[in-house]
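These protein sequences, in sequence, are chains A and B. Take the first sequence: its letter number 62 is residue 62 in our numbering, and every next letter is one higher. Take the second sequence: its letter number 44 is residue 44 in our numbering, and every next letter is one higher.
Take these hints with a grain of salt, some might be off.
Listed next, the stretches of chain A that the computed footprint assigns to chain B, with coverage defined by at least 3 CB atoms under 8 Å from CB atoms of chain B [to be verified]:
| id | segment |
| --- | --- |
| 1 | 30 to 44 |
| 2 | 48 to 57 |
| 3 | 61 to 68 |
| 4 | 84 to 95 |
| 5 | 100 to 111 |
Straight-line distance between alpha carbons at most 20 Å, and here's what the computed DMTMM-like set of lysine to aspartate or glutamate pairs gives [as the list claims (entries may be wrong)]:
| id | chain 1 | residue 1 | chain 2 | residue 2 |
| --- | --- | --- | --- | --- |
| 6 | A | K49 | B | D76 |
| 7 | B | K49 | A | D76 |
| 8 | A | K96 | B | E105 |
| 9 | A | K40 | A | D30 |
| 10 | B | K49 | B | D61 |
| 11 | A | K34 | A | D61 |
| 12 | B | K40 | B | D76 |
| 13 | B | K40 | A | E53 |
| 14 | A | K40 | B | E53 |
With the C-beta cut set under 10 Å, the calculated list includes, among others, these residues of chain B facing chain A [claimed, not checked]:
| id | residue |
| --- | --- |
| 15 | D20 |
| 16 | D61 |
| 17 | S64 |
| 18 | E69 |
| 19 | I85 |
| 20 | Q91 |
| 21 | I106 |
No lab work stands behind these hints: they were computed from the structure. C-beta atoms are modelled at their ideal positions from N, C-alpha and C, and glycine is treated no differently.
There are 2 protein chains.
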Amino acid sequence: MGANPPCASCKLLRRRCGKDCIFAPYFPSDDPHKFALVHKVFGASNVSKMLLELPVHQRADAVSSLVFEAGARVRDPVYGCVGAISHLQNQVSQLKMQLAVAQAEILCIRMQQEEALASLLPLTCF
Amino acid sequence: MGANPPCASCKLLRRRCGKDCIFAPYFPSDDPHKFALVHKVFGASNVSKMLLELPVHQRADAVSSLVFEAGARVRDPVYGCVGAISHLQNQVSQLKMQLAVAQAEILCIRMQQEEALASLLPLTCF
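Just chain A, same shape as in the assembly (with noise of 0.2 Å):
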């Protein structure tokens, strides 16, 4: 070991941890889980091409996506992210219909008041 201890998946995959580790700028010593996370669900080696196959800029929001999608895979091993896309759609349903029924409301509630008006305003000129 160098003067620096080796980031969290090479200490799990037991390897040297150099200088050009695709994985220590995302993966620090001291968060172990979030490595364990994303081998578990994706392996290290897709995690790896998939990191090398983005310009390094892009990297940390990769790594981020991916440790969020192991995360709901492993709380929901049957629909994982799928899961929470599906009860969002479903929201997103619900709350155009909600929207479509209170502008109908609207809609209606200015009709009823200008009929009300055009049957009181004679009333009100004589």
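Following the hints, position chain B against chain A.
Same frame as chain A, but now just chain B:
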């Protein structure tokens, strides 16, 4: 090869497709792309482990969600499914805001309506 062609997974992994193949019920030979997707993102070994940890009646749903998730990751290597979740969360926030505005408008019109009626009614009584 037996009477049946090997499933898409065994074909890609170049292995014998036995009667107890964990992949065969979900990855038919005529749809090789489906397995190639989950293999690329999760790895065949992880997919096999995930399926084995689930009761048989939940495996088809798990495969569908894994295929969906893998497809999202291939289309968007940085955010994958999490991009869709983020988009849907924004949509939910916007719809909630629009709904709140519409409901406030309904309340406001109702109050105006009551005020208008209250000021006109005395005139119509005489």
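Q | 8 Å C-beta test of the segment 100 to 111 of chain A against chain B, three or more residues | A | holds (count 6)
Q: Take a quick look at whether B/K40 and A/E53 sit within 20 Å of each other, Cα to Cα.
A: holds (13 Å)
Q) CA of A/K40 to CA of B/E53, is that 20 Å or under? A) holds (13 Å)
Q | chain A contact restraint on B/Q91 - CB to CB distance below 10 Å | A | holds (5 Å)
Q: Using Cβ atoms only, decide whether B/E69 comes closer than 10 Å to chain A, and label the hint accordingly.
A: holds (6 Å)
**Q.** Hint consistency between B/K49 and A/D76 [alpha-carbon to alpha-carbon, up to 20 Å]
**A.** holds (15 Å)
(Q) Need the status of pair A/K96, B/E105: alpha-carbon distance at most 20 Å? (A) holds (17 Å)
Q) Taking a Cβ-Cβ distance under 8 Å as contact, does the segment 48 to 57 of chain A have three or more residues in contact with chain B? A) holds (count 3)
(Q) Between the segment 30 to 44 of chain A and chain B, are there enough contacts, at least three residues with CB-CB distance under 8 Å, for the coverage claim to hold? (A) Holds: 4 residues of the segment 30 to 44 of chain A have a Cβ under 8 Å from chain B.
Q) Are there three or more residues in the segment 61 to 68 of chain A whose C-beta lies closer than 8 Å to some C-beta of chain B? A) holds (count 6)
Q | Restraint satisfaction for B/I106 [CB to CB of chain A, less than 10 Å] | A | holds (6 Å)
Q: With a cut-off of 20 Å on the C-alpha distance, tell me whether B/K40 and B/D76 pass.
A: holds (14 Å)
Checked against the numbered hints given earlier, this structure breaks only hint 15.
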